[in-house]
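Peer 1: Assemble the complex: chain U is given as a structure, and chain V must be docked to it using the hints.
Protein chains: 2
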Amino acid sequence: MKELEDRIRREGTVKEGDVLKVDAFLNHQCDVTLFDHMGAAWAEHFAGKTITKILTIEASGIGIACIAARHFGNVPVVFAKKAQSINLDGEQYVTTVYSFTKQREFPVIVSKKYLNAGDHVLLIDDFLANGKALHGLISLCESAGAVVEGIGIAVEKGFQGGGDRLRDEGYDVDSLAIVESMDPATGEIEFRG
Amino acid sequence: MKELEDRIRREGTVKEGDVLKVDAFLNHQCDVTLFDHMGAAWAEHFAGKTITKILTIEASGIGIACIAARHFGNVPVVFAKKAQSINLDGEQYVTTVYSFTKQREFPVIVSKKYLNAGDHVLLIDDFLANGKALHGLISLCESAGAVVEGIGIAVEKGFQGGGDRLRDEGYDVDSLAIVESMDPATGEIEFRG
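Chains as they are written, first to last, in my numbering: chain U, 964 to 1156; chain V, 964 to 1156.
The hints are simulated quantities; they were obtained by calculation from the structure and are not laboratory data.
One should not assume that every hint holds.
Copies of the same chain look alike in the list, so a pair counts if it fits in one copy or across any two.
Calculated cross-link-like contacts (lysine to aspartate or glutamate; reagent style EDC-like; alpha-carbon spacing at most 20 Å) [what the hints assert, rightly or not]: (1) K1065 - E979; (2) K984 - E968; (3) K1065 - E1021; (4) K1095 - E1112; (5) K1076 - E974.
Next up, chain U with everything else stripped away, as it sits in the complex (with noise of 0.2 Å):
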């Protein structure tokens, strides 16, 4: 998506240690526009499929999924939580991920109450690295025996290797921008053809 890489170009900043930084339009500050052109991409490319659900992760991927949902006939957007809260009851499906940008382990949880054996999912995320945060999406769809129909990816780090290994495994993975190489001391990024 032509318009996602030249934002990254223009406003991404690359850091040591593999780190895109793109708070100023997609995971801090929010550019509801973009993220409405983002959701008609997946629209577009997803069209063929039938989603009932759209599930996400707290935080940065809730906006981008909300608005998304707007372009799938308004379907409910599920978004799990990462830490335990005095709000959730014991009904849930829990699994653990491990965090690259935190460097850390945490537990993932959704509501049973809230993704079950008839839903078709959409997975939605700002960010696919390694793809640890959506084995644990995934994760949670199979305890549910929810069906993951496709997942949209704002901004894929290919060189992590996270996209090809889902793709390997046959999820149909739809990521708007990848990122072939970056270089943190010229500020280089080379997009996927």
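Peer 2: Same frame as chain U, now just chain V:
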């Protein structure tokens, strides 16, 4: 807002300890059509004001704020973050907030790049109880020299007093449903008339 009150009555659950669970449609599973109607209601209420930015706090406020932004000329949405992460550099406004839900204090941060003296800010959140989170957001705006033009809340727990304290301080608080009392024994919920 009758639609929201009806949903709370129908799908909300009153728990011991002043907890109102609305995770069926507001803050775990998200009804984006409802969010859209909430955004329209705030746009009507704040019609006389110039809003250049929406500020919310992760995680539950993000989806609501992003959809509401579409009713305010697609202004940028910034979400304050609840913990330090390696993706945020040193240039941040920081404050501390006590969470009623999580029953502990946590730092709340926003990058100085995304909150500025020229900003006219609408604060949006899913819940207003004692007002601690909102006072944190207000404090971030004060640090930046940004003007708080108003506060849009989905569910205010009126009996906890935070909303009325903010109104006494002169803030224009538009809560779409104000719970005046609720009873965990009977499940009954009374709204401010």
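Peer 1: Could you tell me which of the numbered hints above are not met by this structure, giving the numbers in increasing order?
Peer 2: Hints that this structure does not satisfy do not exist here, as all of them hold.
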